[in-house]
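Protein chains in written order, with full-length UniProt numbering: chain A, 1 to 334; chain B, 1 to 342; chain C, 1 to 290.
I should point out that these hints are in silico values taken from the structure, not numbers from a laboratory. Among these hints, one or two may not hold up.
[Stated by the list, open to error] In silico BS3-like links for lysine-lysine, alpha-carbon gap of 27 Å or less:
no., chain 1, residue 1, chain 2, residue 2
1, C, K178, B, K105
2, C, K195, C, K178
3, B, K142, C, K195
4, B, K122, B, K142
Since the model is a prediction, treat every value here as computed from it, not as a measurement.
For reference, the chains in residue letters:
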Amino acid sequence: MTITIETQTDQPLLELKDLRTHFHTFAGVVKAVNGVSFKIGAGEIMGLVGESGGGKSVVGFSILGLIESPGKIEGGEILFDGEDLAKASDERLREIRGRDISMVFQDPMTSLNPLHTVGDQMDEVLRLHSNLDADARKQACIKMLESVGISQAEERLKAYPHQFSGGMRQRVVIAIAMLAQPRLIIADEPTTALDVTIQSQILKLMRQQIADNGASMILVTHDLAVVSEMADHITVLYCGQVVEQGKTRDIIESPSHPYTRGLIDSIPDPTDRMARLNQIPGNVPDIRNLPKGCNFRARCPRAQDLCAEQEPTLKPQHNSLVSACHFPLQPGEK
Amino acid sequence: MSNTPMLEVRDLKMRFPIGGGLLDRMRLDKKGFRIENPVVQAINGVSFKIEPGEVMALVGESGCGKSTVAKTIARIYSPTGGDILIDGENISDYGFSEMLPVRAKMQMIFQDPFASLNPRQKVRDIVAEPLLEQTKDAKSQKDIPAEIEALLAKVGLNSEHAGRYPHQFSGGQRQRIGIARALSVRPGLIIADEPVSALDVSIQAQILNLMMDLRDEFGLAYLFISHDLSVVHHIADRVGVMYLGFMVENAPRDQLFSKPKHPYTRALLSAAPSIKPTRDKEEIELTGEVPSALNLPSGCCFRTRCPFAWDRCAKERPVLKDVGDGQSVACHLTDEPEREVA
Amino acid sequence: MTRFFASEFFFNYTRNWSAIIGSALMFAFAFAVLVGPFLVAQNPYDIASLDLMDSYKPPMWLEGGDPRFPFGTDGQGRDVWASILYGARISLFIGLAAMCASCFIGTFLGLVAGFYGGILDSIIMRIADIQLSFPSILIALFLMSAVGTGIDKVLIALTAVGWVVYARTVRGSTLSEKQKEYVQAAKVAGLPNHKIIRKHILPNVLTPLIVIATIQVGTFVLIEASLSFLGVGVPITQPSLGLLIKNGFDVLFSGLWWTSVFPGLAIMMLVFGINLFGDFLRDELNPRLK
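Pulled out of the complex, with its shape left as it was, chain A reads as follows (with noise of 0.2 Å):
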């Protein structure tokens, strides 16, 4: 189960063996996270994609040691920097939140305090995790701000964050993100609340910050099209458990997953107009209650007996790419 994809550098920024995330409900046990392994080398971007329920938020809480009660990391590895973070104390986990590794939400209203004005929420991160005096602190504020495009910072910093739009917002956000130089940003759907115009203004942003900071990125989001553009490697996610993984190309245009080629041809496609769409058929199973063998078996056109009986396990397939199928996809099949 730690078979993941290799990347260039030998020792990679952050590597998750087998991480598994439960939340113990009245319920039952939601499996959120499975099993999932992955690895990010410095300066790379990695895009966790998969829908609603397949666990790609709680990876990135997980890293972050976020998950409260009722929810609990019951095993696997975080290894940031050779660091298991899944075994690290609160105040060690608080230290690397903010300066080592930080995080871009959805939504910008709700992580920014909406009582404090932009420039007190920015100079408290600089607070906790620099040694600046006051005045420098100040200057590398502003001089963030600039840096997302956003003018007259030294006045903007006395605003509030409802004074600034939704697209302001989140370049705030980014700014916060960046402003410790972490060497890691989880985005967790930075841009699936602004609108397309104001989406690739962000997406471009960050490309930038990113190849400026020599930083690290996970991309988690549903839009296989913004993770397209932006990612170095993908890995996608279904009921909790890594379906398949590998370079971006390699994925978009052949993939070996069933549920990664629905995924794709499900997208409607501007330069191949089909009367019907290419839909996966069915729901997600309940998580609480998942079936025998493979997860995706009862949506899977390509489904057999040996589906019902075994669970796949992730396996080398063609090109880069990794996946969990016992019947995968060859390069060009459809």
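Starting from the known structure of chain A, arrange chains B and C on it as the hints suggest.
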């Protein structure tokens, strides 16, 4: 009948005053005059037609007024100005009882599969609701349960589902329930307000396919509101692009996607992320954000973000002009195309 | 019923001590009020059954106590225990009835204000504001001076103050429910407003009222007690727990403490039980804490 459009909208206007409390209305300025409440200019004169069986899409970013257009046509709001003709009948100032028969011709599908179904009603009662209002005699009311089962089957649910509550269903299934509700009175026009934007992609494809199947079966016309260009490209016959309550371009689908004329349409197309980024895209990048609908810019509403804007755009508001092939554009560039090169 | 015992609500209930204690107290009072009067030998309001010879007997465990009167007697020889059982009846009746009336009126006005908005909303909510600035004691005093005392006047005084909290809560939830798409869907379906309110909005604004109603019964019992204590509450012929305290209060400092202390303890336990259970309901029914 053949010449009557299913829906025609002429110069539709919608304004929302902000702040309606007693005290708000009594604010005075220094000279003692009453201060007018600020007004959101949500729709500023929108016109279009939908033929029977046609799918017209309205696209645009949040705040462009596309949902307000949908809800005003459905008469959830009363329009401030302009005409709405359903099957040739002007309903823009109809009262409640006059609207009732019109509601059998026009129904609506909503965006949020969770908020659009009453959590305290069973599926059977949700789906039957429009039909019950239309059937007043007891004899036809007896047929409703059978009708509901047939409807549920049509949208891919079964009779066992009829006795359940909405929270027992997934997002996609709830949207099917919403579609069955809209279909129950056999309307000719369905207004779909972002019907798939809250759904996962794999489910989105199911619902889009279902909507197209139903169109073929019942000859439905759709007014399809969406912000997602790839979805619009898939489903629409004709596309209207809205910006700040104005229609800036209206064209047949292929025309719009292959030869977009308005700078905003072009920017939208170039900003949309695509799974095949190799496709050569025109790069029009917009700077800044949408101005407030409380305080529209003079002249062309798009000029504050338009890379081609010049002084005429601030003085004169462009109107939709036919540029041939059923395409119309509201942009001064159509008069002075040489400006674009410069 | 089996579904109830298998539900998350019941599961949490069995793990919440304050909820269990609260509901136990509530059930004990309900039981005492329903069958209690049949268990005591004396009807404290039947003059014939009273004996002045029994007056001011201390509780049975003190010197001079009488096992017939476990908590002692008052100046007329009335059994304090029997008086509490009869008095709790009146107190609870007033609390429940005033709560029902407040809930009904407040919900109705809240629905109207929230759904129709505009002038109607402004008028109703301003009346609510004015109402809140008059304490119920003032209203009771006014009513008493105008039309005399009586349980009905107490009910009016309590309801006049009590409806406001429902109206405000319901108005708030109505405003947010009204924006929801299922209400718009009902409009598109052609439902008239009164049907939309009844079928769609009302069922969805009721949940928070359960908590308010529960806690309000306790509050009303207390307010009624203070009204009666001040002499503007129930008439002397129908003494509630509050009136019992008042009657005992006159002789409290002569060392005859039991005539008011035991009714006071009864009120305390009743209100305490209601509040404990109400807090549990609030935690359970509030979706934001989930």
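Worksheet item: Within 27 Å, alpha carbon to alpha carbon, are K142 (chain B) and K195 (chain C)?
Response: holds (21 Å)
Discussion item. Just to be careful, I want the Cα atoms of K195 (chain C) and K178 (chain C) compared with a cutoff of 27 Å; is the pair within it?
Written reply: Status holds; Cα separation ~13 Å.
Discussion item. For K178 (chain C) and K105 (chain B), compute the direct alpha-carbon distance and say whether it is at most 27 Å.
Written reply: holds (24 Å)
Fill in: Restraint status (C-alpha distance of K122 (chain B) to K142 (chain B) at most 27 Å)
OK: K122 (chain B) and K142 (chain B) at ~18 Å, within 27 Å.
Hint compliance for this structure: every hint is met.
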